[in-house]
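**Student:** So you can see what is in the structure, the chains are spelled out below.
There are 2 protein chains.
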Amino acid sequence: MNRFHVVLVAFGLSLIGLAAPAANAADPLPSWNDGAAKKAIVRFVTEVTKEDGPNFVPAPERIATFDNDGTLWVEQPLYTQLVFAMDRIKALAPAHPEWQTTQPFKAVLAGDVKTALASGEQGLIEMIMATHAGMTADEFSHTVTRWIESTEHPRFKKRYNECIYQPQLELLQYLRDSGFKTFIVSGGGIEFMRPWADEVYGIPPEQVVGSSVVTKFEMRDGRPVLIRQPKINFIDDKAGKPVGIYQHIGRRPILAFGNADADMQMIQYTKGGDGLRLGLFLHHTDAEREYAYDRKGHIGTLDQALDQAKSRDWIIVDMKRDWKVVFP
Amino acid sequence: MNRFHVVLVAFGLSLIGLAAPAANAADPLPSWNDGAAKKAIVRFVTEVTKEDGPNFVPAPERIATFDNDGTLWVEQPLYTQLVFAMDRIKALAPAHPEWQTTQPFKAVLAGDVKTALASGEQGLIEMIMATHAGMTADEFSHTVTRWIESTEHPRFKKRYNECIYQPQLELLQYLRDSGFKTFIVSGGGIEFMRPWADEVYGIPPEQVVGSSVVTKFEMRDGRPVLIRQPKINFIDDKAGKPVGIYQHIGRRPILAFGNADADMQMIQYTKGGDGLRLGLFLHHTDAEREYAYDRKGHIGTLDQALDQAKSRDWIIVDMKRDWKVVFP
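If you read the protein sequences in the order shown, they are chains A and B. Positions 1 to 328 (this note's numbering) are the ones given, in order, by the first sequence. Positions 1001 to 1328 (this note's numbering) are the ones given, in order, by the second sequence.
Just so you know, these hints were derived from the structure itself, not from any lab. Since we're looking at a predicted model, the values are computed, not measured. The beta-carbon is built from N, C-alpha and C at its ideal position, and this holds for glycine as well.
Straight-line alpha carbon distances no greater than 20 Å define the calculated EDC-like cross-link-like pairs of lysine to aspartate or glutamate that follow: (1) Lys231(A) to Glu218(A); (2) Lys1106(B) to Glu1126(B); (3) Lys271(A) to Glu1218(B); (4) Lys1216(B) to Asp261(A); (5) Lys238(A) to Glu1218(B); (6) Lys50(A) to Glu61(A); (7) Lys1158(B) to Asp1087(B); (8) Lys296(A) to Asp237(A); (9) Lys181(A) to Glu1199(B); (10) Lys1271(B) to Asp221(A); (11) Lys1158(B) to Glu1288(B); (12) Lys1271(B) to Asp138(A); (13) Lys271(A) to Asp1221(B).
A few chain B residues facing chain A, derived, Cβ under 10 Å: (14) Pro1060; (15) Ile1190; (16) Arg1194; (17) Gln1207; (18) Ser1212; (19) Lys1216; (20) Glu1218; (21) His1248; (22) Tyr1269.
Throw the hints in and build the complete structure from the sequences for me.
**Tutor:** Structure representation (structure tokens):
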């Protein structure tokens, strides 16, 4: 290609690249109802991208972080990763006869989720360690991919990574079209999300922050591999979220979106910077189309954040009221 | 802006964006002599970007990782970060009378670098903890920026972050122009590099991987801050480099560039993936323009990697022979 061709091709690519945002120019968020939440989002994005305005933020500083469970995809009736862990326990059970008599494994194998969960945090950690460690990084990634491609959500009867929120997909795209870099910052396992997050959310592996196990570099059969160890490396939840953001991103976000009290620190940290900032919580209010839960849920508890939202200028997005559709 | 204006502006931006690569089309690496190293680089980039070729790699998978000390900037006669730590010890000494009688601080305050270094790894860690922890993330970042803007390299009489290698700047740009995402993966402190890496190398904070201290989220005077703790979180060196890459990037690089045995694991890991891969070591052979050191150096020891390069198909870049100029 000579220079002229290069320019022509680039021009063509520009046209293609612009087609989507240009078509949406009238409404970048068609699945959002015209309420206070949508207005706040559009006003914020307009302000920080207005080059001659008082609230302009240069593109590289336009960092947006999203929780995953309950913010980008469904987290009810159980965290997807927990369903994965229990399925893996069943698959691995033949090699672990001791699980037949040890909790929480015994309960999982008997299909008794309630008893398994009653084992509390210690039981949860044991389930994660038994299923997320002891293999290479590549093996784990393939296991996640195979599982997620072959498992359906019990209520919605589609793959878990199809139980994602259409309004959020539009918001992610709107932000990227406005020069933002979008990140996931989740309490979930970083390597449980990376295999499919790019395809589903347009968020590449290097923009996913999450909890992790220790990994170790080894030569195995002459090949360099990373072995996942049964030891927690980092919990990217609550006060861990700002720490994960500092570690991975190294800049303070200007927009953060969560759905639970466990996201409060991320949103406090985001709003604590100078200039215009936006903090949002998704409130699950829609039992008909999805789920309704907040203060008393065992998953995604939203309680203190609801109380403090008004005084702290946090935006509460009401699923039932603010979203025209829930799923793609 | 209406749609027509958007397209016109995008077209204009395309022209600006393309000006540099188009001008370099004949030679994307003008500061590299036409030797085996340059040929290997250009052949590799050409192959992985040839869409209908057998070695094509989609753009998102084009991850390139670079060590920093001795690979992108000068690491002699002392690691820059160590000079920073010693300068900070001098600055903080009035508040630490105990340092007058405790090693390695006593030696640092007396200007006796040799004795300070004789304290070994333990002494080094003490120096780092005394100077890199106990403040907020923002305070540390400002301290690094102020220091690097006001301190000169003893031999080259310019700022440390001007003692960077022109051929590497061209290589970073060439890779980015070819659809690569460029990362730093350094044994140095992640927060010591982030404040200036974007301006100097075009590598934004979220693409810097390095060693770190534990940080803790706190509300201080009603503001959310991250406090750096005097405790090591992660050492991103040797076998830690592939681990750091897994944590931060989540994909195996296809190109990695180091200069020391401490980079061997990163380069093994990179070369261990499927398809075409490139691993390079910079060999410091130029005492006149920079420094000459390899097997016996106390900094950036390059010994085993030199022995194994041929059998492992690692490219040794000879500074004296391969680089037309060293500094910008």
